[in-house]
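Number of protein chains: 2
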Amino acid sequence: VTDSRPVSIAVDAMGGDFAPSEVLAGVERALSADKGISVLLTGAADVVGPFAAAHGTRVEAVPTTEVIEMADHPATAVRSKKDSSIVVGTQLVRDGRAQAFFSAGSTGAAMAAATLVIGRIRGVQRPAIATALPTMGDSVVLLDVGANADCRPEHLVQFAHMGLAYASTVLGRVNPKIALLNIGEEPTKGSQLAIDAHALMAEQVPGFVGNIEGRVLMDGVVDVVVTDGFTGNVALKLLEGSSRALLAQVRTAMTSSLWHKLLAAGLKPSLSRLKRRLDPDTYGGAPLLGVDGVCIIGHGSSRALAVESALKVSAQAARGDLTGQIRDAVTRGRSAGPQ
Amino acid sequence: VTDSRPVSIAVDAMGGDFAPSEVLAGVERALSADKGISVLLTGAADVVGPFAAAHGTRVEAVPTTEVIEMADHPATAVRSKKDSSIVVGTQLVRDGRAQAFFSAGSTGAAMAAATLVIGRIRGVQRPAIATALPTMGDSVVLLDVGANADCRPEHLVQFAHMGLAYASTVLGRVNPKIALLNIGEEPTKGSQLAIDAHALMAEQVPGFVGNIEGRVLMDGVVDVVVTDGFTGNVALKLLEGSSRALLAQVRTAMTSSLWHKLLAAGLKPSLSRLKRRLDPDTYGGAPLLGVDGVCIIGHGSSRALAVESALKVSAQAARGDLTGQIRDAVTRGRSAGPQ
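If you're matching them up, the sequences are chains A and B in order. For the first sequence, the positions run 1 to 339 when the working numbering is used. For the second sequence, the positions run 1 to 339 when the working numbering is used.
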């Protein structure tokens with residue numbers, strides 16, 4: 001069953017390498033695909049005004065006068081550029097005018113704005129960024145992929161609760177399985193952080209199946225994988241880089257002679273499908289889990305497809321009350337854990 | 001110019017998933033490929049005896065009565081199984097009878113034996129495991145890939161000195177470039193460990209070009225990449241797993257219909273070449289840097305090709321006096337750094 005209840009999403013029209021054109025194109029696609037979505041578009045008046053005018057009641061322009069650039073220091077920019085498309089976008093969520101916020105702009109600034117303007121869910125120590133990785137099977141939710149470079153074991157336990165809530169609410173997984181990214185399968189393997197986190201997770205996290213090594217991460221054997229934001233960010237970027245490098249090598253191997261080129265031409269459609277399947281764009285944005293409202297952060301290089309996917313994810317997260325689910329999971333986690 | 005000076009390598013005939021047959025086959029290949037190599041073969045008498053008898057003066061049998069299993073606790077096993085193929089192999093290096101040691105057995109046990117029996121190079125705080133990763137360009141040396149799950153910034157500086165010595169001595173890189181694996185390019189990005197290590201490396205490490213992100217690691221833009229053993233091990237296994245998964249997907253994409261199957265058949269040779277190129281086997285084993293003798297550790301799944309490559313690397317490391325080069329680099333590093 002398709003859920004098409006009305007949901008209003010604040011969208012930063014100015015964020016991303018290809019803004020505003022690809023953001024607007026993505027909004028357009030999402031509006032066609034999901035009739036329940038309406039959009040509050042923040043950004044320069046001459047960008048958001050005409051687009052809203054052309055889309056009737058489903059798009060409302062929210063003109064802003066400032067833009068946070070990728071080079072700006074996130075927290076400083078959020079404090080000084082109060083009339084920026086990112087800050088105003090998060091205010092719309094805080095004030096209840098939107099049920100979700102999406103930006104493909106500076107990840108740091110979106111995170112800072114969400115934390116400062118909307119605030120954390122009560123009891124959450126550190127919000128985390130999650131992402132859905134393509135695997136041989138179903139996608140796997142990896143978190144934290146960059147919000148917290150240094151973590152304590154209890155942070156990883158909260159990431160686990162939040163990741164599980166995301167997997168059930170947005171990805172529809174039933175009794176999701178969760179693992180800790182580590183360098184061995186045994187509970188005593190790994191860094192001190194990993195060893196301590198393993199012990200806590202074994203006690204407090206439902207569906208915890210133990211450590212998972214990088215070698216099997218892409219096999220899709222679990223629903224959620226937890227790690228600190230340093231390791232998670234390295235892992236994410238490594239996977240992006242290595243798929244790109246590998247597909248380039250496949251292309252070179254296939255076009256090394258005229259004969260090969262002719263053969264390869266026939267295979268192009270199916271390799272393109274594969275490339276799309278591995279393309280982070282189809283997975284649409286990374287949710288910032290732990291803030292008191294749905295916030296989805298897009299890759300800086302988001303094109304229309306990525307924006308469309310992210311808006312669909314935003315709608316699903318809002319409709320499934322992801323924030324409430326996380327609040328409950330964290331509260332349960334706190335009462336389960338040692339006080 | 002090919003260096004064919006005589007070099008004697010101690011080889012653990014019992015180590016690895018496919019021992020002894022694939023180890024012996026690899027020794028055979030290395031002996032043919034490099035006429036300077038001779039081998040001291042440790043292992044069960046009925047394995048090493050007949051093989052040595054069949055290979056004249058170039059192979060000497062060193063019968064041992066014990067084997068360290070993958071499931072054994074490394075340090076405990078090294079202490080209790082004194083007559084194991086791994087422990088005796090490292091003793092041959094300590095006693096100067098061999099200039100290098102190779103094992104595809106338990107990485108932990110080989111490391112423990114090397115450290116306990118041969119000892120560390122004076123001034124080295126923590127030995128590290130390095131590995132050469134295939135990239136779009138030349139291979140890149142990544143270390144530490146698992147010896148030290150928890151590191152301090154000064155350890156990473158020593159890893160840098162050791163990695164540079166390996167890149168010049170064994171890979172023949174001139175003025176090798178080195179980077180720190182991190183989650184941003186700016187010096188202030190990353191975990192506290194990464195920030196502190198960056199500051200020290202900028203002061204003390206020649207050829208240091210700053211941080212490198214996972215996204216460009218496979219582009220082959222530097223010769224050496226330094227990280228802690230937790231991140232390095234996760235990265236290594238992730239790359240192994242994702243290339244395997246990706247190549248499997250390419251195969252599926254190419255055989256999704258009879259027509260595609262026919263086309264793909266013609267491309268098979270060039271994809272097999274690619275697979276070989278990405279195969280860790282062609283890169284032959286991971287050197288344990290920082291112990292007072294050349295020790296190369298093979299992947300547990302090493303087949304003859306991997307063993308052959310590892311023995312060639314062992315010979316090159318011994319002939320180039322890798323241990324002496326590391327001793328000099330670490331001494332220079334210590335006098336360059338703050339005392």
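Fair warning: there could be bad hints in the mix.
The list makes no distinction among identical chains, and a pair is therefore deemed to hold if it is satisfied within one copy or across any two copies.
[Unchecked claim] Within a straight-line C-alpha distance of at most 30 Å, the following computed DSBU-like cross-link-like pairs (lysine-lysine) qualify:
#1 Lys177 with Lys82
#2 Lys177 with Lys237
#3 Lys35 with Lys189
#4 Lys177 with Lys35
#5 Lys189 with Lys82
#6 Lys237 with Lys35
#7 Lys189 with Lys177
#8 Lys177 with Lys312
#9 Lys237 with Lys189
#10 Lys312 with Lys237
#11 Lys312 with Lys82
I should point out that these hints are in silico values taken from the structure, not numbers from a laboratory. None of these values were measured; they are calculated from a predicted model.
Within, between, both or neither: Lys177, Lys35 at alpha-carbon 30 Å: neither (33 Å within a copy, 54 Å between copies)
As a check of your reading, is Lys189 near Lys82 (CA-CA no more than 30 Å) within one copy, between copies, both or neither? Answer is between: at 25 Å across copies they meet the 30 Å cutoff, but 47 Å inside does not.
Within a copy, between copies, both or neither: where do Lys177 and Lys82 come within 30 Å Cα-Cα? Intra 41 Å, inter 43 Å, cutoff 30 Å: neither.
Intra- versus inter-copy proximity for Lys82 and Lys312 (alpha-carbon distance at most 30 Å): within (28 Å within a copy, 62 Å between copies)
Should Lys237 paired with Lys35 be assigned to within, between, both, or neither, using CA atoms and 30 Å as the limit? Neither. Shortest intra-copy (34 Å) and inter-copy (43 Å) distances fail the 30 Å Cα cut-off.
Taking 30 Å as the upper bound on the Cα-Cα distance, should Lys237 and Lys189 be classified as within, between, both, or neither? Answer is both: 24 Å inside a copy and 15 Å across each meet the 30 Å cutoff.
Pop the pair Lys35 and Lys189 into one bin, within, between, both or neither, using alpha-carbon distances up to 30 Å. neither (50 Å within a copy, 42 Å between copies)
With identical chains treated as interchangeable, where does the CA-CA distance between Lys189 and Lys177 reach 30 Å or less: within a copy, between copies, both, or neither? within (20 Å within a copy, 32 Å between copies)
Homomeric proximity label, Lys177 with Lys237: Cα distance no greater than 30 Å: both (24 Å within a copy, 21 Å between copies)
Measure nothing new, just compare the shortest in-copy and cross-copy C-alpha distances for Lys177 and Lys312 to 30 Å and report within, between, both or neither. within (24 Å within a copy, 44 Å between copies)
Within a copy, between copies, both or neither: where do Lys312 and Lys237 come within 30 Å Cα-Cα? For Lys312 and Lys237, only the intra-copy Cα distance (24 Å) is at most 30 Å; the inter-copy one is 33 Å.
Checked against the numbered hints listed earlier, the structure breaks hints 1, 3, 4, 6; every other hint is satisfied.
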